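Required output: the full structure, derived from the provided sequences and hints.
Residue numbers (this note's numbering), protein chains in the order written: chain A, 1 to 340; chain B, 1 to 340.
Treat the hints with caution; some may be incorrect.
Pairs count within a copy or across copies, as identical chains cannot be separated in the list.
What the hints assert, rightly or not - Once the Cα atoms are required to be at most 27 Å apart in a straight line, the calculated DSS-like pairs of lysine-lysine come out as:
1) Lys48 with Lys322
2) Lys241 with Lys132
3) Lys53 with Lys191
4) Lys48 with Lys330
5) Lys330 with Lys53
6) Lys209 with Lys191
7) Lys111 with Lys100
Just so you know, these hints were derived from the structure itself, not from any lab. Computed from a prediction, not measured in an experiment: that's the story for all the values here.
There are 2 protein chains.
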Amino acid sequence: MTLSVPVRSARLAQRSCAVFMAALILLACVPAIAQVESLPSWNEGGAKQAIVKFVADVTTPGTPNFIEPSARIAVFDNDGTLWAEQPLYFQFVFMLDQLKAAAPQHPEWKKNPAFRALATHDQKAIAALGEKPLLQLLLQANSGMTTAAYDESIRTWLATARHPKFNRPYTDLVYLPMQELLRYLREHGFKTFIVSGGSIEFMRPWAEKAYGIAPEQVVGTVTGTRFELQNGQPVLVRLPKLEFLDDGPGKPVGIYRAIGQQPIFAFGNSDGDWQMLQWVAAGSGPRFLGLVHHTDAEREFAYDRKSRVGKLDQALDDANAKGWTVVDMKNDWNRVFSFQ
Amino acid sequence: MTLSVPVRSARLAQRSCAVFMAALILLACVPAIAQVESLPSWNEGGAKQAIVKFVADVTTPGTPNFIEPSARIAVFDNDGTLWAEQPLYFQFVFMLDQLKAAAPQHPEWKKNPAFRALATHDQKAIAALGEKPLLQLLLQANSGMTTAAYDESIRTWLATARHPKFNRPYTDLVYLPMQELLRYLREHGFKTFIVSGGSIEFMRPWAEKAYGIAPEQVVGTVTGTRFELQNGQPVLVRLPKLEFLDDGPGKPVGIYRAIGQQPIFAFGNSDGDWQMLQWVAAGSGPRFLGLVHHTDAEREFAYDRKSRVGKLDQALDDANAKGWTVVDMKNDWNRVFSFQ
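Put into structure tokens, the structure is as follows:
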């Protein structure tokens with residue numbers, strides 16, 4: 001009968017204690033925090049200034065633009081925005097390697113024009129075929145595998161494959177300034193998400209270590225899977241079916257499905273991110289829209305309007321017209337990769 | 001040139017300070033925390049004991065069953081597990097109301113057998129038709145709406161509709177013991193997710209307030225949407241297409257897509273959760289599997305093997321055979337709803 005009284009008092013005591021101690025922490029640690037330089041790989045300039053200003057703007061309590069932490073949703077494209085994407089999307093390289101490995105089990109592919117074009121590196125034929133037959137073929141290569149086996153094949157590939165220009169594992173090619181930006185946003189109460197045309201399976205094994213982004217905050221392209229019991233063991237089996245393409249107009253749909261809130265901060269680098277940026281820009285309240293412009297042929301790659309991979313054309317015009325933040329890689333970043 | 005030295009020192013100072021203060025908090029607050037009763041709406045007994053034991057087991061550092069917080073993923077069905085589902089899934093009631101409201105704009109429905117069965121409450125005809133034509137009709141009712149307008153219609157309905165037995169808003173019918181359990185898990189470093197046959201749109205407007213579960217941690221059934229510019233404004237428009245049914249064998253698929261990690265803790269209440277429980281039980285390491293058994297006709301509803309809604313039959317046999325935790329609502333919960 002009297003149990004509820006001590007319980008309530010204890011709860012109150014606990015809360016008061018926590019509040020008091022939190023206040024102590026703030027008092028004791030604030031001067032130290034203020035001295036730590038934010039975003040050290042970003043040069044002083046327009047892009048860094050815009051980021052820091054926006055974050056201060058939406059995180060200062062009691063000001064008109066203040067946004068609650070629960071609504072501080074930040075979304076990032078992956079290929080070309082958080083890590084490199086040249087000379088070919090890294091996942092595409094992986095899929096081609098898979099295709100080669102699976103070819104002996106598929107003699108019928110010899111007659112498949114998509115396979116022949118890929119096997120002979122016939123760029124003209126590849127371009128003429130378009131995306132669809134290539135995708136269908138690539139999906140077939142992994143069809144019937146369990147998700148666990150597929151995951152293993154990705155981890156093995158990532159551990160052994162090397163980038164042709166840098167001769168390093170692909171996961172070394174994440175942009176240091178963007179890693180800093182992700183951490184900076186989280187330190188200011190943001191939730192950070194990837195929203196990528198790449199598939200969820202390909203990003204999740206390394207995104208937490210590389211970016212601090214947990215698997216459930218990785219939104220991407222989805223291949224069909226089916227639940228089955230194999231020898232009494234529940235497994236998910238991959239189907240030769242692209243269920244959701246998280247690219248271009250698919251990105252706002254992916255955000256709606258997987259996040260369910262309008263982000264206030266978005267970063268991309270190509271026309272495949274344009275609709276995402278438009279979607280995030282829509283609605284009222286402060287918004288940050290950013291594009292990484294690849295201008296550094298020496299430290300990384302230089303490409304934009306005419307590129308076969310990561311083409312940036314319409315989104316760049318729109319960014320310039322609307323005053324979105326365009327990062328000039330060469331001038332805005334004093335380091336690109338952590339190994340440089 | 002010397003900038004890096006003060007920056008590093010400041011960072012070290014900040015870290016040491018945070019560690020020191022965190023230790024202080026622990027020292028100061030632990031006695032108070034220990035006195036707070038956990039799960040007050042749960043009677044002492046097997047179910048509560050099993051939960052508390054499991055949580056202690058996986059959260060005690062330095063013991064063999066310890067699991068890192070990042071892998072403490074807990075998934076919950078919604079209908080019948082976190083809130084009531086009788087006499088009819090609440091979302092189904094909403095959809096029927098939507099259908100009635102849309103009927104004047106769809107004179108062609110008069111000839112539709114599914115519409116006629118629903119409009120005349122012809123249970124026999126409804127059962128004979130099966131799910132598919134009913135679902136197709138319900139999808140048509142909201143097709144063409146923007147996601148924002150659809151969200152508004154859900155919020156309006158939730159604010160005005162009343163449950164036939166309790167004469168209260170449907171969102172009052174969340175189970176207090178499960179709210180406590182969700183909080184308890186999060187206090188022990190778990191990430192909590194809903195994995196429901198209900199649609200994401202129907203749960204997200206109220207799940208954070210009711211359960212402390214943010215929109216991006218609500219996994220559910222997905223209706224197709226398409227990105228469009230309407231008068232230059234980006235919107236998502238609903239399509240008459242069920243894209244993903246997050247029920248039965250769909251639940252493990254939903255977990256794989258949206259969470260990307262094997263949960264270690266799962267709660268359901270019906271055969272629609274069976275595959276999810278099997279999926280979570282698979283693999284190595286400690287696992288908690290729970291079922292809510294509706295045994296309380298007075299405070300809630302009593303139903304299981306023969307129920308039209310929330311049928312619990314095969315999963316109950318499996319739970320008994322495998323020693324999963326079955327919550328006997330009547331005996332394990334001293335309160336069901338917070339208003340009781």
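To see whether the hints hold, each was checked on the structure:
When the C-alpha separation of Lys48 and Lys322 is checked against a cutoff of 27 Å, the pair qualifies only within one copy, where the shortest distance is 18 Å, while the shortest distance between copies is 57 Å. For a Cα distance limit of 27 Å, the shortest separation of Lys241 from Lys132 qualifies both inside one copy, at 11 Å, and across copies, at 22 Å. Taking the shortest Cα distances, Lys53 and Lys191 sit within 27 Å of each other inside one copy (18 Å), while across copies they are farther apart (32 Å). In this assembly of identical chains, the alpha carbons of Lys48 and Lys330 lie at most 27 Å apart only when taken from the same copy (14 Å versus 59 Å across copies).
In this assembly of identical chains, Lys330 and Lys53 lie within 27 Å of each other by CA distance solely inside one copy; the values are 22 Å within and 56 Å between copies. Taking CA atoms no more than 27 Å apart as the test, Lys209 paired with Lys191 passes in both settings, with 16 Å inside one copy and 18 Å between copies. Taking the shortest alpha-carbon separations for Lys111 and Lys100, only the intra-copy value of 15 Å comes in at or below 27 Å, while the best inter-copy value is 55 Å.
Taken one by one, the earlier hints all hold for this structure without exception.
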